[in-house]
Every structure is written in structure tokens, then in C-alpha cells.
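Q: Spelled out, the chains give:
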Amino acid sequence: MNRRRHRRLQLFRTIVLVVLGIFFLVPIGAMVEFSTRGVGINSPRTLSSFTSIFSYPDLTGAIVASLELAAITSAAMLLLLLPTMVWVRLRVPRMVRVIEVLCLAPLTIPAIVLVVGLAPLYQWININLSDSILTLGFAYLILVLPYAYRSLDAGLSGVDVRTLSEAARSLGAGWATVVSRIIVPNMSSAVLNACLLSVAVVLGEFTIANLLNFENLQVAIATIGRANAGVSIAVAVASLLFVFVLLLALSFVSRSGSRRRRVRVGVT
Amino acid sequence: MSSAAEPAGPPFRGRLRVPSWVGVVPFFVYVAAFLILPTAIVVGGAFAGTHGPSLTNISALTQPYILDSFLHSVVLSASSAVIGAVVGAVLAYAVASGAPNGVIRRVVTSACGVLSQFGGVTLAFAFIATLGGAGFITLWLQEHGVNIYANGVWLYQLSGLILVYTYFQIPLMVIVFLPALDGIRPQWREATSNLGGTSWHYWRHIAGPLLLPAFLGCLLLLFANSFSAYATAAALINQGGLIVPLQISNALSSEVGLAQANLASSLALAMVVIVVVVTALYSWLQSRTARWVR
Numbered sequence: 134m135n136r137r138r139h140r141r142l143q144l145f146r147t148i149v150l151v152v153l154g155i156f157f158l159v160p161i162g163a164m165v166e167f168s169t170r171g172v173g174i175n176s177p178r179t180l181s182s183f184t185s186i187f188s189y190p191d192l193t194g195a196i197v198a199s200l201e202l203a204a205i206t207s208a209a210m211l212l213l214l215l216p217t218m219v220w221v222r223l224r225v226p227r228m229v230r231v232i233e234v235l236c237l238a239p240l241t242i243p244a245i246v247l248v249v250g251l252a253p254l255y256q257w258i259n260i261n262l263s264d265s266i267l268t269l270g271f272a273y274l275i276l277v278l279p280y281a282y283r284s285l286d287a288g289l290s291g292v293d294v295r296t297l298s299e300a301a302r303s304l305g306a307g308w309a310t311v312v313s314r315i316i317v318p319n320m321s322s323a324v325l326n327a328c329l330l331s332v333a334v335v336l337g338e339f340t341i342a343n344l345l346n347f348e349n350l351q352v353a354i355a356t357i358g359r360a361n362a363g364v365s366i367a368v369a370v371a372s373l374l375f376v377f378v379l380l381l382a383l384s385f386v387s388r389s390g391s392r393r394r395r396v397r398v399g400v401t
Numbered sequence: 005m006s007s008a009a010e011p012a013g014p015p016f017r018g019r020l021r022v023p024s025w026v027g028v029v030p031f032f033v034y035v036a037a038f039l040i041l042p043t044a045i046v047v048g049g050a051f052a053g054t055h056g057p058s059l060t061n062i063s064a065l066t067q068p069y070i071l072d073s074f075l076h077s078v079v080l081s082a083s084s085a086v087i088g089a090v091v092g093a094v095l096a097y098a099v100a101s102g103a104p105n106g107v108i109r110r111v112v113t114s115a116c117g118v119l120s121q122f123g124g125v126t127l128a129f130a131f132i133a134t135l136g137g138a139g140f141i142t143l144w145l146q147e148h149g150v151n152i153y154a155n156g157v158w159l160y161q162l163s164g165l166i167l168v169y170t171y172f173q174i175p176l177m178v179i180v181f182l183p184a185l186d187g188i189r190p191q192w193r194e195a196t197s198n199l200g201g202t203s204w205h206y207w208r209h210i211a212g213p214l215l216l217p218a219f220l221g222c223l224l225l226l227f228a229n230s231f232s233a234y235a236t237a238a239a240l241i242n243q244g245g246l247i248v249p250l251q252i253s254n255a256l257s258s259e260v261g262l263a264q265a266n267l268a269s270s271l272a273l274a275m276v277v278i279v280v281v282v283t284a285l286y287s288w289l290q291s292r293t294a295r296w297v298r
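The listed protein sequences derive, respectively, from chains A and B.
If you're matching positions, the first sequence starts at 134 in this note's numbering and goes up one per residue.
If you're matching positions, the second sequence starts at 5 in this note's numbering and goes up one per residue.
Chain B on its own, in the form it takes in the complex (with noise of 0.2 Å):
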């Protein structure tokens, strides 16, 4: 049937019948060049040696200082990550036990879509402004006989990042978990309590088990967010290279040539090795959680 229709073609095609790839060209040779070809160089540049490939730079990786990048890079992202899930979720159900097409939806969901994005620079200096030397809040506090800097300023540390990172990360989740809530049908809670459950079954045995692999695919994804986080660390921490986007950067921009730079690549490698690895759980779990939401 669709043999026939096809090779026939419209009786009235008078013009020359462009080759059907030369549409695509324009678009895979842009990708080639400012997304693949980057990609490749990150990779060439993690194996490259002064003579040839070698793991030279890999191995480089297992210094003390950059190993302790990692592991802050690790606690920060995954500390962010859960408390950026467990609240965000907290906020996406009040938001989607609401009215649907309310103003608070609208605007709540407006907002989280300017913050999730637009962290960067300005929530560097948004905290600043709160909770930095002169910040609003820390004056206030002084003025009531509460030094929150008592024990050093943790707003420049990795404690403060967590902080920080919160702020964005909220907001993602509830962009990112609505989508399984408003899949949560109010027919199976009027069901529940038809057959006598009560609200802790109802969480323990329907919505829970439901909401699980999307909540974890979220928090997956909020991980791979943190962790790939540059601006806000860069704005808030000017010297040091506390977290791997730091170490990266330091790398970047150091002057002292090839190995250098060949760092920096070997480093951004191993991000997104674990960026990649954690997206792909994430996008697992988030095919799991399709299978029921709409």
C-alpha cells in the first residue's frame, strides 16, 4: 500500500527533487564544530602526552588536592541535591493540590522557572547581599546580639554553597517533579478511603511507591545540576579550587602551559563521565515513571 503511494509522488512535481540529507547539512556541521569538536578535544586533551597518547594526565587526577576537589564536589552536590528534593517536593504538592489553571500555580511555577535558571552571578551576590558582611540579615541579627559569623564566615565556604545551591535547586525540582504529581489521580485517594485506608496507607501503599523512581530520577537530576555548577561557586569563592568547575577553571586559565591545560581537560573528562552516568540513571528512572503519568 505504501510502496505504491510513495516512489509515485505528486503528478504535478515539476522541479528538481533535492537530495532529502541536504536539509540537515547546515545543522550537523554546525554540531560538528561547536559541540562535537569540543567534546572530542576534551577527550584528545585528557590522553595527550607530550609524546603521543599517554594516561599521564588521567593519573594526574589521583593528587591529593584534586581528589579533594571531588569529594567536595561530591558532598556539596549531593547535599544540595537532597534537601533541593525533599523541600522542592514539598512544595510541588502544595502547588499541585491547588486550583490547576490558579494564579499561585502560575506564578509559583513562573518563578522556579527564572530561578532554576538564572542562579549564576546573581544568586552569588543575592546571598551576599542577605548574608554577607553587611547583609541584610546579618545586621539585623547583629543588631538583636546574633553574630552568625561567630565560628568564621561559612557563607565563603562549602556550607554556604549548600546554601546557596538550595536556592536554585528548589525550584528545579518543582519544575521537574509537577509533571509526576499532577500524573497522581484524586480518583485513587477517593478509592483508598472507600476501602477504609486511611491518608498513611494511602502514601505508604498507592502515591509513594508511585512517586519513588520519579522523586529519585529528580534528585539524580538535581545531582548532575550541582555538580556541573560553575558561575555561583566562581562569583561567591574568587581564589582556590574548593569544588572540580574551580579546579577546572583554575586549570583554564593558568599560564603555565600544556600540562595545564591538558589537566583541565582530563578533569573536565572525568565530570562528565560521572555527569553522564548520573543522567542516565536519571533518564531510566524518568522512562519508569512515564509509564503511569498520562
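For reference, chain A alone in the conformation it holds in the complex (with noise of 0.2 Å):
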């Protein structure tokens, strides 16, 4: 009786996994499909929309401006953020519930609900200091708080802080050498993790682009779509399965990471 039920429970497993399957790739393959088509009704395949992305200036210039912001935000959340949550553990405890709701607010607030409000600070934004697009980088660190939080605090909370800074301290480093020398080597994959999210979160975001009128990869997709679908599904393509790669690359740094952690606990 054990044995038929595992033999149901196999077979219920490959048929959800496989209707799924099919559910999720095949609007990923017809992608591939429509940005391979030829011109003509039986002409041959063609990688011509992925040849002609970089015909599209405005298309390659919103590539790169998405690459920049994911690169500004990473860097400005790393610096923003771990300073804090290593300081606030350190020095102000009873803080850490206050910064852990500020970071997850934007959860909840809607990214097109921040804009409404966004829109008249980054009015006097382009006026008084730059209309340059990497100005959406301001705007882009709240969104990815709540990802980057999550991920820091749960690598934080595998390090004993408190004890290595005050090694640290106490060995004459300042607070800049603790977090960058001691803190962060010591929880690098959770610092990977919330680099990457952070990435995933800028590479896809439309919203906030698109209503304060910037031209990101996203909003650059959609406009280009309206006038030549193939190239612009090309694009799509091509960022999806970059992040996907990213992520997947991420899963298996994260599983190692855990691993060598495992055994340097056993050596000691």
C-alpha cells in the first residue's frame, strides 16, 4: 500500500511538473519563435532582431543606463544599508524593529502609488541637480530596501557581529575597516545575494521609469515593441534569461557558501 501510494505520488508529480512546465516555457519558446521569424511566410529562421538590437541607439543607450542604475544601486544599497543594520545591532538594539518596518514599507506601498508622490520631488530633482536617468537610482534603493534587507539580515544573523567588531576594535580598527574587513567577508554570499536581487529588481523595473518619463531597457522594450514587436521580444529575451542565469548562478554560490561554512565549523 506504501508502495502504490509513492507510485501515485510520483506520477501526480510529473504531471503537475510537466502541464507546468509546459504552462511557463511555452510563452518563453514563442518568444524565441516570434524573434527568429523571417520576413516572409516560409522564410527561413533569422537571428536579424537580435543582430539589429545594436541599430536601435536609443535601445542600446537604455541598455546601458539600466546596467549603470542596477551597478549605482547595488553599490549605493550596500553602502546605505549594511553601515546601518551593523550599527544599529552594535549600538541602538531597540532600533532594529523601526529600520526592519521602514525597509519592508515598500512591499506594500506600490510602486505606482510611490510614483504619484515621486513625481513632484523628482520635478524639482531634474531641475535643481540633473535630468540625467541615473537619477532614478534615488528612487530604485527604496525599492530593492525590502530584498536587500531580507537577504543582509539573514546573513547578519549567522555572524556573531558583536564579537568580532569588538575584536576588532579593541585591535585599533575603525568602524569603516569593521564593516568592509571583518563583516563583510564573513557574510559574502548574503551580501551577493542582496547585490543580485537588487540587480534582478533595476533590470525589470518599468513603472517608476516610464511615469517619470526616463527611457530604461523596460520602457525602451515596450516603446520599441509598438512598432517592431520581434526586436523588442529579442531584448526580452535577452534580459530574461540573463537574470535567470544570475539567479541560478546565485542559488549555487549560496549552496556552497553553506557548505564550506559547515565544514570550517567541524575542522574547529
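Wrong hints could be hidden among the right ones.
[As the list claims (entries may be wrong)] Some chain B residues close to chain A (C-beta under 10 Å, calculated; not the full set):
#, residue
1, 40
2, 56
3, 97
4, 125
5, 136
6, 171
7, 273
8, 283
9, 284
Simulated from the structure, these hints should not be mistaken for lab results.
Using N, Cα and C, we set each Cβ at its ideal position, and we do this for glycine too.
Join the two chains, each given in its own frame, into one complex according to the hints.
A: See the structure below:
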């Protein structure tokens, strides 16, 4: 009877995974199919949609801008969030909850709501500071806070922050040294995790850029899609693959990281 | 004990001790400027009139076309949440009942991570390539004599949005529901069959009641998720204000002036109120689950 249940379970799992696999793979496959279509009805497959990505200066500009924004947002996230989280744990533990609530708040405030309040702010920024698309980094840092916070929080809770930093401080290290040379190397996979999630969020962002009239990757895809669906679907395929590889790499990195830590504990 | 240890501090402390609030200043300044201030602008705008505070913008929400967009948003979110939650729970169970560190589980969870976040514009184009006028499935079915758009092109309407939204709702459900399923111990099942219980007894009396709060919580999260989604709908539907986010974007990008900006604020406020209530219910249900998970 137990074996029969086991066989039934295997059958159920196979059916579910195959059916949903088809549901999730068909649209992606259709994108690949669509973006490799030739011009005529029976013309052969062609990669011209992919190669002509580079003949759209707006599109390449938007791709570069989105990559720059991803890098800026990740760096700013680490600079702002990590020292604050370490500081709060060491010096003002009663603020931990406040920081957490603030960091997770963007999950309950939809981007479409946030952009209504950001619009007047960005009017001011674009007139008085800069009208570069890179100013979007200010808003994107807010968007990535929840993901970065969760990841860094998980990493920090696996490190004895107090002992490590007291040891480092008693040997004469300053705060910057404590964070960059003691804390970060001890939670490198959490830091990497936070960065990759930030990159994924920024590369996929559309709402804020679109309504503040900046052309980032997603806005460019949507705009070009109205004229030439093939090219914009080609870009969409490329960016989807890029992020998928990024996150798959992450899942392997974090696995090997945890294994290494376990080994080290075993040795000592 | 602690009072003796704390104020004394380490004896070798040579440098000036910085007040403890200094370290959190940059973070609070930043969050105040780019999270709290925008939220305050939304709330302020919703209650702003031409001469001081007023309720004009709030009462503007009762116009029929705006009420329609709220109705559409609720229908869209509720149906995509129910479909996403049920199918996602089944997929999560299929994943959870396999090897905990197996390839299938790793691939499914990272794929779900991408698909639940990366929806947006890409997703709209994926479905245009699949079910659009020249889409892969549409053409294939046409060759076999089936016209899925015999009753109109539904992809760019509410029913189309429901289908497209399930594409990111199912992966999100897998991510948020998997921890609850992992908390179910195989021993409970063994105990049930040792006591003569069947599969039905196990699901009806053990796993079902335990998983129900988690399931409902995830359902609410999915509702809030699709209620606040904008990118996919905007890329799929070019004009009109079918759902609330599209109404907000119309009001925000209209050139008519302050009245429209304030309407955007009151729409945004109404939306955030709904999302906050739903999310609060979610975290209450989640805390009930947390009592027995791990």
C-alpha cells in the first residue's frame, strides 16, 4: 500500500511538473520563436532581430542606462544599508524593529503609488540637481530595500557581529574597517545575494521610469515593441535569460557557501 | 549585572565615543526623503483642494468610470489570486514532496524567483508572442481550424489580464507557500496511517487545518500583488483606464493640471489603503503559521 502511494505520488509530481513546465515554457519559447521569424511567410529562421538590437541607438542607450542603474543601486544599497544594520545591532538594538519596518514598507506601497509622490520630487531634482536618467537610482534604492534587507538580515544573523567587531575595535580598527574587512567577508554570500536581487529588480523596473519619462531598458522594450515587436521581444528574451542565469548562479554560490561554512565549523 | 558591565565600557577606549544616533542618520534622512515624503505627498494631494484641505478628490472617486476600474481591479486580483494560489500550492506540493536538495527543486525555485519578479513588460510581450494576433499558439491553432479569437480579441481585455497575471502569481505562490509545506513533518503522515487513518483523514484533519491559515495568507498576498501590478497591464493595454493602476497613470500623465494630479493622489491613497489592509491580514495569518513552522 505504501509503495502504491509512492507510485501515485510520483505520477502526480510528474504530471504537475510537466503540465506547468509547458505552461511556463511555451510563452518563453514563443518569444524565441517570434524573435527569430523571417520577414516572409516561409522564409527561414533568422537572428536579424537580435543583431539589429544594436542598430537602435535608443535601445542600446537604455540598456547601458539600466546596467549603470543596477550597479549604482547595488553599490548605494550596500553603502547605506549594511553600515546602518551593523551599527543598529551594535549600538541601538531597540531601533532594529524600526529599521525593519521602514525597509519592508516598500512592499506594501505599490510602485504606482510611490511614483505619484515621487513625481513632484523628481520635478525638483531634474530642475535643480540633474535631469540624468541615473537620478532614478534614488527611487530604485527604495524599491530594493525589502529584498536587500531580508538578504542582509539573514546573513548578519549568521555572524556574531558583536564579538567580531569588539575584537576588531580592540585591535584598533575603525568602523569602516570593521564593516568592510571583518563583517562583509564573513557574510559574502548574503551580500552577493542582496546585490543580485537588486540587479534583478532594477533591470525589470518599468513603472517608475515610464511615469517619470525616463527611458530605461523596460520602457525602451515597450516603446519599440509598438513599432517592431520582433526586436523588443529579442531584447526581452536576452534580459530574461540574463537574470535567470544570474539567479541560478546565486543559488549555486549560496549552496557552496553554506557547505564551506559547515566544514569550517566541523574543523574547529 | 548588566548595569555594572555596560557603563564602564572597555578600559582601552581612547577615542571620543560618537553618540549612538549618529550612525542611523544617513539612513533615516534617505528614507524620509524618498519614501516618507512621497507618501506624505500622496496623502496631502488626496486631501488638497483649491483653497486648503477638502474632500473633493476623495468624492471624485465615486465617479462611475473610477468605480468601474476598482471593480475590474478587484475581479482581476481575486481571480488571478485564487487561480495562482490553487495551482501554485499544487506545484509547491509537487516540489516539496521531492528531494530537498534535488535538481528539480533548485531549478523550480530559482525559475519561480525570476518569473515572480521579472513579470512586467517582458511578460506582456511573451503573451503577445504566444497568443497575440500573430502569436505562436494562435497561428498553430488557426492552421488546425481553431480560432481562439472568434468572439473578439480577449487577450487585451480583463480575461486576458487574468491569464497573463497567473503567470507571475503561480511562481510567487510557490515561493511563499513552500516554507509552510516544508514545515509539515512526514512523521505526522506516518502517525496517521499507524492509527489507521487514510490519506483523506490526513488531509482533512492534520495537514489541511495546519496549512489553511498559510494558504489564506498567501492568497491575500497574491491579491495585493496583482492589485498593485502596473507594468504588464500598461504594456499590454495601450489606452484607457481598465484597472486602477492604469487610471492613476492616466491621471498622472494628463496635461490638464492640478485637479488630475490630485485625482492621481486620491486614487493612489485608496489603493494603498486596500493593499495595507490586505497585507496586514496576511501578516496576521502568517504569524499564526509561524507558530508551528520550524
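Q: Give a verdict on every hint.
A: Hints, verified against the model:
A hinted interface residue such as residue 40 of chain B counts as satisfied when its beta carbon comes closer than 10 Å to some beta carbon of chain A; here the least separation is about 8 Å, so the hint holds. The criterion of a C-beta within 10 Å of any C-beta in chain A is not met by residue 56 of chain B, whose closest approach is roughly 18 Å, and the hint is violated. Annotation: residue 97 of chain B was flagged as interfacial toward chain A, and the flag holds, the nearest CB pair being 8 Å apart, inside 10 Å. Restraint check, residue 125 of chain B versus chain A: the minimum CB separation of about 5 Å is within 10 Å; hint holds.
Hint on residue 136 of chain B holds. Least Cβ distance to chain A is approximately 8 Å, under the 10 Å limit. Among the interface hints, the one on residue 171 of chain B holds; its C-beta lies about 7 Å from the nearest C-beta in chain A, closer than the 10 Å criterion. Interface restraint check for residue 273 of chain B: the shortest CB-CB distance to chain A comes to about 8 Å, inside 10 Å, so the restraint holds. The closest approach between the C-beta of residue 283 of chain B and any C-beta of chain A is roughly 5 Å, which is under the 10 Å cut-off, so the hint is satisfied.
Taking 10 Å as the C-beta cut-off, the interface hint given for residue 284 of chain B holds, the closest approach to chain A being about 9 Å.
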